[in-house]
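Visitor: Those protein sequence lines, which keep their order, are chains A and B.
For the first sequence, the tail end lands on 355 under the working numbering, and the numbers increase by one without skipping.
For the second sequence, the tail end lands on 662 under the working numbering, and the numbers increase by one without skipping.
Hints should not be assumed to be uniformly reliable.
[Stated by the list, open to error] Here are the simulated SDA-like cross-link-like pairs (lysine to any residue), alpha carbons at most 20 Å apart as the crow flies:
1. B/LYS505 to A/LYS203
2. B/LYS422 to A/LYS36
3. A/LYS188 to B/LEU444
4. A/LYS203 to B/GLU423
5. A/LYS202 to B/LEU407
6. A/LYS202 to B/GLU423
7. A/LYS352 to B/TYR424
8. B/LYS505 to A/PRO200
9. A/LYS352 to B/ASN426
10. B/LYS422 to A/THR199
11. B/LYS425 to A/PHE206
12. A/LYS203 to B/VAL430
13. A/LYS210 to B/ASN426
14. B/LYS422 to A/LYS188
15. A/LYS202 to B/PHE457
16. A/LYS203 to B/ARG429
17. A/LYS210 to B/GLY458
18. A/LYS188 to B/ASN426
Calculated directly from the structure, the hints in this document are not laboratory data.
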Amino acid sequence: MLPIIFVLPMIQLLVLSFAVDYEIKHIKLFFVDQDKSQFSGLLYNQFEASQYFIINDFSNSLAEAKESMQRGDCDQILVIPHGFEQDLYRDGTTDIQVIMNAIDGTKAGLSSSYATNIIMDFNRSLIVDFGMQSSLTATPEYQQIEMDYSYWYNPELNYQAYMVPGILVLLVTMIGGFLSSMNIVREKELGTIDQIHVTPIKKHYFIFGKTLPFWMVGMVEFGLGLLLAKLVFDIPMVGSIFTLFAFAGTYLLVVLGLGLLISTITETQQQAMFISWFFLVIFILLGGLFTAVENMPEWAQQITRLNPVRYFIEVNRMVLLKGAGFKDVASHFIVMSIFILLINSLAIFRYKKGS
Amino acid sequence: MIQIHGISKSFGNVVALQDINIEVQEGEIFGLIGPDGSGKTTLIRILTTLLLPDSGTATVMGLDVVKEYKNLRRVFGYMPGRFSLYEDLTVEENLELFASIFGTTVEANYHLIEDIYKQIEPFKSRRAGKLSGGMKQKLALSCAMIHQPKVIFLDEPTTGVDPVSRQEFWKMLKSLKKHGISIFVSTPYMDEASLCDRIALIQDGKLLSIDTPTAIVGQYEKEVYAIVSNKKHELLQDLRRYKDVESAFLFGSHIHYSDQKVSFDPRELIQYLEQLGHGEIEVDKIEPTIEDCFLALMGNANKTADA
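The following block holds chain A by itself, in its conformation from the complex (with noise of 0.2 Å):
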């Protein structure tokens, strides 16, 4: 059991944080040239050098550039409409067009920003290199509008900067609550609780006797997961690491608690399975892990100022990549401190009650 409890987190970490990447790559374009000049002969090659793209097909009829998205082929199609290059030098403005498959919302977004980004490109290099007053606008989603972002604390926009401190909070509350509540209702079932409670030994060192490993074990493992972040995915580590173990200790406290009070109330480990389960899916989804709180509905983002998962992503991020100190997140750590006291007096309540 042991093995497991610390290889298969980590290898989940490792899988996950590979896995779920919101950057999107490889996108795959179907060009259709129907102008054939130097100029759709320059984008294409902006294109090409593009790391998000791969021209996969190219051609100058635009119906069986549908065919191979409906296939599936390819995920986007530009078409350069012919008398292109002719309206930019006569006009100094034309229209190209660009279609998307927009089943997966996201990358469609993405994607159609990505191709927003090189015909601005385009556009700069026209007025650079051929002293053109140039206006090439693609439609017909956007508008084009000039922007210079700025991305701080993860200036490359690393995905996994962002995923990985996510991910190790979800690893160690599986550790401290799933194992923690089947553990004292394997007792149950066993008939061992019994035995224990026939001897003097006070409730809260068998209590504490319980939790205990699994604090340590849920420690060591987030120091394990830190590790391999800095080494496998070179996470950048701006802050303090003492608060950030400081904060995983406490938080523990509370998974521990969740823990001890599903054991309370259920007689079978398949029931306190079950309950975690409902915990754990909704403290995911509603963690800020796979959606951004804010980009939650109202009544959603209140829920999460219940959900602990929430504050310890957020103390994760806050710290490693923005180098917040102890007192940055103070009021993280007083949320903490009163989920601590509601839930292990609720927990201790019901198991004195119980027994």
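Given chain A, work out where chain B should sit, using these hints.
Guide: What follows is chain B alone, placed relative to chain A:
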């Protein structure tokens, strides 16, 4: 030693125990005898402070099982019906765990468990889950004894154990008695009743009788006959249809028969059976056993309940 006054316990609509009164003397082996589901385990769980009674009081060693459960837990040992030690700890680790929970050491009380423990000592580094049934039982008893209890509660210790191990186990109980330890044991096996100093017969949560085994047998007024014939299957039904039958129960290859009349003449019965085509009939007068008494008491209890 143990005093039980008017204990009742229900689980929902099911009455598990009904007005139980028992007094157990110091240093005796007290047997709680009854079929499955008669309330034996419930009573033991109340006495071992694991369950609260609905009404009534009970004291063990003068300590109330509800109010003084904390002190009480120091003075008794408990061996549940199901093996419930830590299967993933070794024999030795289990023993040390329970010794340390009670704030003592294995060495300090080794003399108490020596007779039992030395039989499993060769396997002391084996995990408890890998022990055979008989060895598990010895380990469980050792763990229940390691804190030098004044009284031990054994819930069906011999259920599912082979006859040889059962005998051994009762020998161990006898030897514990020599250390001055009182023993409260439940069992569904009638033949074990005669090994106790005193027994209580329990059925459907009600006590039928409490006394020494001999006294209970002595109370049985009727004569008991063991009957066999060559038509085994029909014999029981035919005997039960006999005009003067009091009771007829199957005991292994025999049928134990009691008659309503004091002036029972076996020859009349043999005649009746021969008419029905039975041959090789043997009717022998025997001493009644505890089981005869129990079945009779059960029958009476049912009659009163029906009336």
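Visitor: What hint numbers does the structure not satisfy?
Guide: Hints 1, 2, 13, 14, 18 not satisfied by this model.
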